[in-house]
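Q: Required output: the full structure, derived from the provided sequences and hints.
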Amino acid sequence: MVPDMARAATTADAFNAVAEPRRRQILDVLAGGERPVNDLVEQLGLSQPLVSKHLRVLREVGLVDVRDEGRQRIYRLNGHSLKPIHDWVRNYEQAWAERFDRLDIVLEELKGQQRNRPKPKKAKPKKKEQGDGGDDG
Amino acid sequence: MVAMTDSGTAIVTLPADTQIVITREFDAPKHLVYRAYTEPDLIARWWSGERGEVTSVDVDLRVGGAWRYVMKANGGFEVAFHGEFREIVPNERLVTTEVYEMPDDFPLAGTPEAEEGALNTITFTEVDGRTTLSTVVECHTKEVRDAIIDSGMEGGMQEAMDRLEQVAVSLA
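As given, the protein sequences belong to chains Z and A, one line each in that order. Quick note, in the working numbering, the first sequence goes up one by one and the last residue is 137. Quick note, in the working numbering, the second sequence goes up one by one and the last residue is 1172.
Possibly wrong hints are sitting among the right ones.
[To be verified] Derived pair list, reagent style SDA-like, types lysine to any residue, alpha-carbon separation capped at 20 Å:
1) A:Lys1142 x A:Thr1111
2) Z:Lys83 x Z:Pro21
3) Z:Lys83 x A:Asp1150
4) Z:Lys53 x Z:Glu34
5) A:Lys1072 x A:Asp1150
6) A:Lys1142 x Z:Ala14
7) Z:Lys53 x Z:Leu27
8) A:Lys1072 x Z:Gln94
9) Z:Lys111 x A:Glu1126
10) Z:Lys83 x A:Pro1015
11) Z:Lys83 x A:Thr1013
12) Z:Lys111 x A:Tyr1037
13) Z:Lys111 x A:Glu1092
14) Z:Lys83 x A:Asp1146
15) Z:Lys111 x A:Asp1027
16) A:Lys1072 x Z:Ala97
17) A:Lys1142 x Z:Asp13
18) Z:Lys111 x A:Pro1090
[Stated by the list, open to error] Stretch-level coverage of chain A by chain Z, calculated; a stretch enters the list once three of its residues show a Cβ under 8 Å from a Cβ in chain Z:
19) 1014-1024
20) 1039-1053
Please keep in mind that the hints were generated in silico from the structure rather than gathered at the bench. Each residue gets a CB set at the ideal place from its N, CA and C atoms; glycine is no exception.
A: In structure tokens form, the structure reads like this:
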């Protein structure tokens, strides 16, 4: 077994745990539903010890939960512990959402200006027709 | 009168450690979105969102030209970004550097990586009169990326304080 030297530096919290691309891959797969370890190994194309190591890190920070079913260990995503990360990004997202809501207003005005701008008239003689109510009243 | 359109909210994703992708669809053709995105008097009307007032917008829209936006946030402090255009395809695409002028108490403030900032690629894609605006923010390091996301926190400080107050009241 490979000594787990990197662990202390990577498991402080959910933020650090998801900094590792393969752990994010694991979370992406688990977002589709719970999976036994063997499925994860197959889907990710990684070695079983490596997947297990990442799962242990994810479990230590509470990002995944595990249960035993017969001889299998089934992992699932614990969405609740992703909340701090979500909240962190959400604030930034919210800032852009507010900007874009205002940009919508600017765009509506620009569209209005475009509509109201008099169109260049073509020098085409206008034919008067019956039923054209334009000059009536 | 101004019609409010409900085109949906901004979507922010973090596809890699050094990237942020922001997308949003607008109910307008791309040449108008491009105008709103590049003309100073128009930028001034939306860039601060609900978090303050834009106090200054300079845009020198040519390759090698600089831009700088400053807002006075509701908390009284200033938030500023600046950059330099690297590529300009009118109504289609902008590539620009973006440097967040970090407050002094930010751990990265004044460091070379912070001064270097990010490289933004902004694309305007129109389908059936609607435009998707997509911004890919490519940072030199994860730390800079995270600091830029924290800038949302800076601007949102007032709201954060309001929420904190609510929590404190509920605990009392």
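Q: Quick one: see if chain Z covers the segment 1014-1024 of chain A, three-plus residues with Cβ-Cβ under 8 Å.
A: With 6 residues in contact (Cβ-Cβ under 8 Å with chain Z), the coverage given for the segment 1014-1024 of chain A holds.
Q: Assess, step by step, whether the Cα of Lys1072 (chain A) is no farther than 20 Å from the Cα of Asp1150 (chain A), and give holds or violated.
A: Since the Cα atoms of Lys1072 (chain A) and Asp1150 (chain A) sit roughly 17 Å apart, the hinted pair holds (cutoff 20 Å).
Q: Mind checking the alpha carbons of Lys1142 (chain A) and Thr1111 (chain A) for me, to see if they're no more than 20 Å apart?
A: 14 Å, holds
Q: Please work out if Lys83 (chain Z) and Thr1013 (chain A) have their alpha carbons no farther apart than 20 Å.
A: Between Lys83 (chain Z) and Thr1013 (chain A) the Cα gap is close to 15 Å, so the pair holds against 20 Å.
Q: Given as covered by chain Z, does the segment 1039-1053 of chain A meet the bar of three residues or more with CB within less than 8 Å?
A: Holds, because 8 residues of the segment 1039-1053 of chain A bring their Cβ atoms closer than 8 Å to Cβ atoms of chain Z.
Q: For the pair supplied as a hint, Lys111 (chain Z) and Glu1126 (chain A), is the alpha-carbon distance within the 20 Å limit?
A: 15 Å, holds
Q: Verify the proposed pairing of Lys83 (chain Z) with Asp1150 (chain A), using a straight-line Cα cut of 20 Å.
A: 16 Å, holds
Q: Between the alpha carbons of Lys53 (chain Z) and Glu34 (chain Z), is the straight-line distance 20 Å or under?
A: 18 Å, holds
Q: Can the restraint linking Lys83 (chain Z) and Pro1015 (chain A) be considered satisfied, given a maximum Cα separation of 20 Å?
A: Answer holds: Lys83 (chain Z) to Pro1015 (chain A) is near 18 Å, not above 20 Å.
Q: Quickly compare the C-alpha distance for Lys1142 (chain A) and Asp13 (chain Z) to 20 Å and report which way the hint goes.
A: Cα-Cα ~16 Å, so holds.
Q: Take the C-alpha atoms of Lys111 (chain Z) and Asp1027 (chain A), compute the straight-line distance between them, and say whether it is at most 20 Å.
A: 10 Å, holds
Q: Given the hint that Lys111 (chain Z) pairs with Pro1090 (chain A), does the C-alpha gap stay at or below 20 Å?
A: Holds - the C-alpha atoms of Pro1090 (chain A) and Lys111 (chain Z) are around 18 Å apart, at most 20 Å.
This entry satisfies every hint, going by the numbered hints stated previously.
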